[in-house]
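S.K.: Letter by letter, the chains look like this.
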Amino acid sequence: MSKKILIADDEQNIVISVEFLMKREGYTVSVAGDGEAALAKIREEKPDLVLLDVMMPKKNGFDVCQEVRADPAFAGTRILMLTARGRDTEVAKGLALGADGYMSKPFSTKDLVDKVRELLG
Amino acid sequence: MQKSTLTGQRLVAVFLVGCILFNYPVLSLFDRVATLFDLPLVFAYLFGAWGGLILLMAWVVERRSDQRTERSGG
Amino acid sequence: MLQGPVVIAVSFLYLALLFAVAYWGDKRADAGRSIISNPTIYALSMAVYCTTWTYYGSVGRAAVTGVGFLPIYLGPTLVMTLGGFLLLKMIRTAKANRITSIADFIASRYGKSQLLGGLVTVIAVIGIVPYIALQLKAVASSYDLIVGYPALIAPAESGSSIFADTTFYIALILATFTILFGTRHLDATERHEGMVAAVALESVVKLMAFGAVGLFVTFGLYGGIGDLFARAMSDPQLAKLTAVASGSRSYATWFSLTLLAGLAILFLPRQFQVTVVENVSEAQLKRAIWLFPLYLLLINLFVLPIALGGLMRFAGQGVDADTFVLTLPMSAQQELLALLVFVGGLSAATGMVIVETIALSTMVCNDLVMPLLLRTKTLALHTERDLSGLLLSIRRGAIVLILLLGYLYFRLAGDAYALVGIGLISFSAVAQFAPAMIGGMYWRGGTRNGALAGLLAGFAVWAYTLLLPSFSKSGWLPASFISDGLFGITLLKPHQLFGLAGLDDISHCLFWSFAANIGAYVVVSLLRAPTAAEASQATQFVDALKTTRPVGSALWRGSADAADLVALVGRFLGPVRAETAFASYARRHGLADPSKLEADADLVHYAEMLLAGAIGSASARAMVASVAKEEPLSLPEVMNILDEASQLRSYSRELERKSRELEAATGELKAANEQLLEVDRLKDDFMASVSHELRTPLTSIRAFSEILRDDPKTALPERERFLGIIVSETERLTRLVNQILDMAKIESGNAEWLVEDVDLNSVVEQSMAATSQLFRDKGVALSLDLASSVPLIRGDRDRLMQVVINLLSNAVKFVPPNDGRVTVRLMADNDSLRVSVTDNGPGIRLEDQAVIFDRFRQGGDAMTSKPTGTGLGLPISRKIVEYFGGKLWVESEPGQGASFIFSLPLNNNENGTNE
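Chains as they are written, first to last, in my numbering: chain A, 1185 to 1305; chain B, 26 to 99; chain C, 2 to 916.
No lab work stands behind these hints: they were computed from the structure.
Even glycine gets a Cβ: it sits at the ideal position worked out from N, Cα and C.
Worth double-checking, as some hints may not be accurate.
Said to hold, decoys possible - The calculated lysine-lysine pairs, modelled on BS3-like cross-linking and capped at a C-alpha distance of 30 Å, are: (1) C:Lys880 <-> C:Lys814; (2) C:Lys474 <-> C:Lys241; (3) A:Lys1277 <-> A:Lys1299; (4) A:Lys1294 <-> C:Lys714; (5) A:Lys1294 <-> A:Lys1230; (6) A:Lys1243 <-> C:Lys779; (7) C:Lys714 <-> A:Lys1207; (8) A:Lys1225 <-> C:Lys814; (9) A:Lys1277 <-> A:Lys1243; (10) A:Lys1277 <-> C:Lys684; (11) A:Lys1207 <-> A:Lys1225; (12) C:Lys814 <-> A:Lys1242; (13) A:Lys1299 <-> C:Lys714; (14) A:Lys1299 <-> A:Lys1188; (15) C:Lys814 <-> A:Lys1243; (16) A:Lys1243 <-> C:Lys684.
As the list claims (entries may be wrong) - Reference excerpt, derived from the structure (chain C facing chain B, CB under 7 Å, subset only): (17) Val68; (18) Leu75; (19) Thr82; (20) Leu83; (21) Gly85; (22) Phe230; (23) Ala240; (24) Thr243; (25) Ala244; (26) Tyr252; (27) Phe256; (28) Lys287; (29) Ile290; (30) Pro294; (31) Leu298; (32) Leu305.
As the list claims (entries may be wrong) - Here are the simulated distance ranges between beta carbons: (33) A:Gln1196 <-> C:Gly668: 47 to 55 Å; (34) C:Gln897 <-> A:Lys1230: 40 to 48 Å; (35) C:Leu546 <-> B:Leu80: 24 to 32 Å; (36) C:Asn739 <-> A:Gln1196: 16 to 24 Å; (37) A:Arg1253 <-> C:Asp711: 32 to 40 Å; (38) B:Leu54 <-> C:Thr491: 37 to 45 Å; (39) C:Ser789 <-> A:Ser1214: 52 to 60 Å; (40) B:Leu80 <-> C:Gly212: 18 to 26 Å.
All chains should be built: construct the whole structure from the sequences, respecting the hints.
M.R.: Structure representation (structure tokens):
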């Protein structure tokens, strides 16, 4: 059975592109448009990997990450953070909150795919 | 002494006062045959002014030095 | 009891007492318990100023001019008020440079010039000789008077041979005594503590003796001060003496004498000796400033009463008024009092002669004889190991010579003048030092040549107008010299030089000599810039009172051998003293063994200072140069060193002020820093926002581009969709970049504005037309409520349209599809036009209302979907409105829709009031 990936981003066009990429790799994909929706989907669908945007309405990526890591039930859930604010402090903050990886936008699709494979491999 | 410029300025002031008191024209005001307390006027004036000047000098110099001792002691 | 042997015995007993005091004073000094460090003793020693001139002569002068004797004491009183500056500066300079005489002071100031030191010495000796003659004359005549008792007029003595002349023996006795006092020490550098103690005692004795006569005359011969004056005033002749005497000539004389005496107290060699050289600590000066003038006042209190008393008592008897102090007690058969008066006069004379000749002999030895001797080869070579004995012999010889010169002057000219007249000749001579001294202490530009020229010119005029006439009056020069002038030329009459009449001799000399002296000093000094040596000394003297100044060693460069230096100093100070001195120097520098001393600039300077104390600064410099190889500093180098020192000084002065300013600045900085941090944070936020806004579309563009590149077999519909996204994201990017540039232009003031008369109605209509497609797409109703006509305003049509379009497209973004409503209104009131865009969207939370006008701050979180747009529309709109002096704001209640309103003033002439 294929691994499940949740894409949480409020930028419609980015979601479309990443969804296309993940599906092409054979993963099962679901989508959330804001932080709260993302949390709900994680609880409901228990994805193996979350591609989590930082700047989202209602609840930002950092908060989502923190809540997920606070729940032992999701200890196995991998989190790859994506952000357009590519500052070092943000990277450090994300990793400190328990993210498994970090990618700056814009990213190379190849790098993204490799990273996802590595995390799920 | 040179550090306390106030003392210095006071002494210069005393000097100027002295220069004025002991010379023409102020001197000429007292320069006539007359007496004051049984003394010739100009004699009484000169010695009076002279004594006053010395008192002033002593006051300026000694007073100031007391203050300085206090300050340097503190 | 007033027979010769008794008087002589009493005199010698008194001198023996003085000697005992001096001996005791020296012993105390050797034991380190200086008696003269007492400020009262210091002030009393300054009273060496009061000589027999004061003691006998003041009464003589008062008998002729009334209060005219007083300027001689008022001048010093006035100068003492400046003692805190002038004397302090002299004392500190002298100590720093080991200066032992006024000749040394002047020589040292002008680049350690031997020539200048010699000239000052010659002037001082020639100028002071009449003054010493005066003392001899006074002692001799008082002795003749007292042994002639009960006669009140001494027999004429002139014409007798030298060996029958009392005065000659008095000169010899005083010379012996001075040698005992002043050159008893084997080393010549010490100060003379014992002598100072003796002089202080003499000051007490002469004051007491004079006071005793004064009291006796006032209360013994007359019925008190009131009675004495009342009787005198009843005589019109005597009454005149109680006034200065009218007429400008008297006041001119009065002023001249005040000035002369004021300069004399500074520059008489003996005053320089007791005030500067013998000064133990600067703190002593404080009491002297008022105590010395007080002494002068006391000793003069009875002068006029004694003079008037004598004039009344001896009317018509031909008694010399200069002798009243002695003859009044004698006439009343007060033998004991007369003897006391004689001893008092002896005190006044011996005190003056001892100190003056010691001072002069030091000058003669150090500044005249030694430089000459050191030039001759025998001495310059190291043939004689110890020269300290020679130094003492020279000084002793000088003392005898000076006293004999005094005697010679007494024989030649002594009888022609009253005591005071002779004294004033000397005062006028030493006054010639004033320009070089005072100029040297306060003016850096004075040069050696200037000082030489000034001194020579002043001295020549003095000699011509005062000294030579004194010889003429005594018949030694023809009388026609005074009455007809040199070679019979009227303009050269010594008392009316160049026809200047109407002044007394002294004022006349003072005017011409000072004119020549100061003129030559200044003019010649200004002919060339100071040399390196002059400049370095000038700074040490002028800046003597400043806290940091260059030490002498900073201005020396070269090489030397320590052993040579010790040997050199030993030659003049004696080997023992030299070794002690260098051992203590070594200890101060942390070395146990003086032989390990390095001959650096400090040591050379120390050696020179030691020598300067013994042989004067000019000779010391020459001697040190003979054993040390000095590399002369150039003037620019000296100036550099001095500049550094003066910079250091001004630094330290400003340090205090700076630290205060710093405190204030720190506070301001803290505030500014906080502000900066805030600005920085905002800028960081802005950069992060820009980064985010740019990266987001770039992410989509890159992702789809790579997808298309990597997989050329993508299905056509997908390919078209992806390409469509790429294009729209590119447009978004373009829009964003444009707006960022727009914003930056407006903020930096570089935006171009096309200002013209604008009809706002048409602006609104055109904007609605431009956005109508958006409304139609979303099914939003747009209604318009325009005023029928509004005044034109000045503005940029396109920019204003940009604002309205922005507000309209914002509104359409937030209203619900299909039943959304947007209303545009244009209203005019008295002084402004107002445009509002009202929607029925979700409204804006109160906390968001302020921030939506910030860059990249979109009313975000509450909304279900992220608003499209750059986040720069409202900030740009606000900038545009504000540029034309207007305002843009929002009124909204959540759930009730929002109104964006801007108003523009009608009278905003031209353009922005907000630049």
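S.K.: It remains to establish, for every hint, whether it holds in the given structure.
M.R.: Cross-check of the supplied hints:
no.: 1; hint: C:Lys880 <-> C:Lys814; in the structure: holds (22 Å)
no.: 2; hint: C:Lys474 <-> C:Lys241; in the structure: holds (28 Å)
no.: 3; hint: A:Lys1277 <-> A:Lys1299; in the structure: holds (19 Å)
no.: 4; hint: A:Lys1294 <-> C:Lys714; in the structure: holds (18 Å)
no.: 5; hint: A:Lys1294 <-> A:Lys1230; in the structure: holds (25 Å)
no.: 6; hint: A:Lys1243 <-> C:Lys779; in the structure: holds (28 Å)
no.: 7; hint: C:Lys714 <-> A:Lys1207; in the structure: holds (16 Å)
no.: 8; hint: A:Lys1225 <-> C:Lys814; in the structure: holds (28 Å)
no.: 9; hint: A:Lys1277 <-> A:Lys1243; in the structure: holds (16 Å)
no.: 10; hint: A:Lys1277 <-> C:Lys684; in the structure: holds (21 Å)
no.: 11; hint: A:Lys1207 <-> A:Lys1225; in the structure: holds (18 Å)
no.: 12; hint: C:Lys814 <-> A:Lys1242; in the structure: holds (19 Å)
no.: 13; hint: A:Lys1299 <-> C:Lys714; in the structure: holds (24 Å)
no.: 14; hint: A:Lys1299 <-> A:Lys1188; in the structure: holds (15 Å)
no.: 15; hint: C:Lys814 <-> A:Lys1243; in the structure: holds (22 Å)
no.: 16; hint: A:Lys1243 <-> C:Lys684; in the structure: holds (24 Å)
no.: 17; hint: Val68; in the structure: holds (6 Å)
no.: 18; hint: Leu75; in the structure: holds (5 Å)
no.: 19; hint: Thr82; in the structure: holds (4 Å)
no.: 20; hint: Leu83; in the structure: holds (6 Å)
no.: 21; hint: Gly85; in the structure: holds (4 Å)
no.: 22; hint: Phe230; in the structure: holds (6 Å)
no.: 23; hint: Ala240; in the structure: holds (5 Å)
no.: 24; hint: Thr243; in the structure: holds (3 Å)
no.: 25; hint: Ala244; in the structure: holds (5 Å)
no.: 26; hint: Tyr252; in the structure: holds (4 Å)
no.: 27; hint: Phe256; in the structure: holds (6 Å)
no.: 28; hint: Lys287; in the structure: holds (5 Å)
no.: 29; hint: Ile290; in the structure: holds (5 Å)
no.: 30; hint: Pro294; in the structure: holds (5 Å)
no.: 31; hint: Leu298; in the structure: holds (5 Å)
no.: 32; hint: Leu305; in the structure: holds (6 Å)
no.: 33; hint: A:Gln1196 <-> C:Gly668: 47 to 55 Å; in the structure: holds (53 Å)
no.: 34; hint: C:Gln897 <-> A:Lys1230: 40 to 48 Å; in the structure: holds (42 Å)
no.: 35; hint: C:Leu546 <-> B:Leu80: 24 to 32 Å; in the structure: holds (27 Å)
no.: 36; hint: C:Asn739 <-> A:Gln1196: 16 to 24 Å; in the structure: holds (22 Å)
no.: 37; hint: A:Arg1253 <-> C:Asp711: 32 to 40 Å; in the structure: holds (34 Å)
no.: 38; hint: B:Leu54 <-> C:Thr491: 37 to 45 Å; in the structure: holds (39 Å)
no.: 39; hint: C:Ser789 <-> A:Ser1214: 52 to 60 Å; in the structure: holds (58 Å)
no.: 40; hint: B:Leu80 <-> C:Gly212: 18 to 26 Å; in the structure: holds (20 Å)
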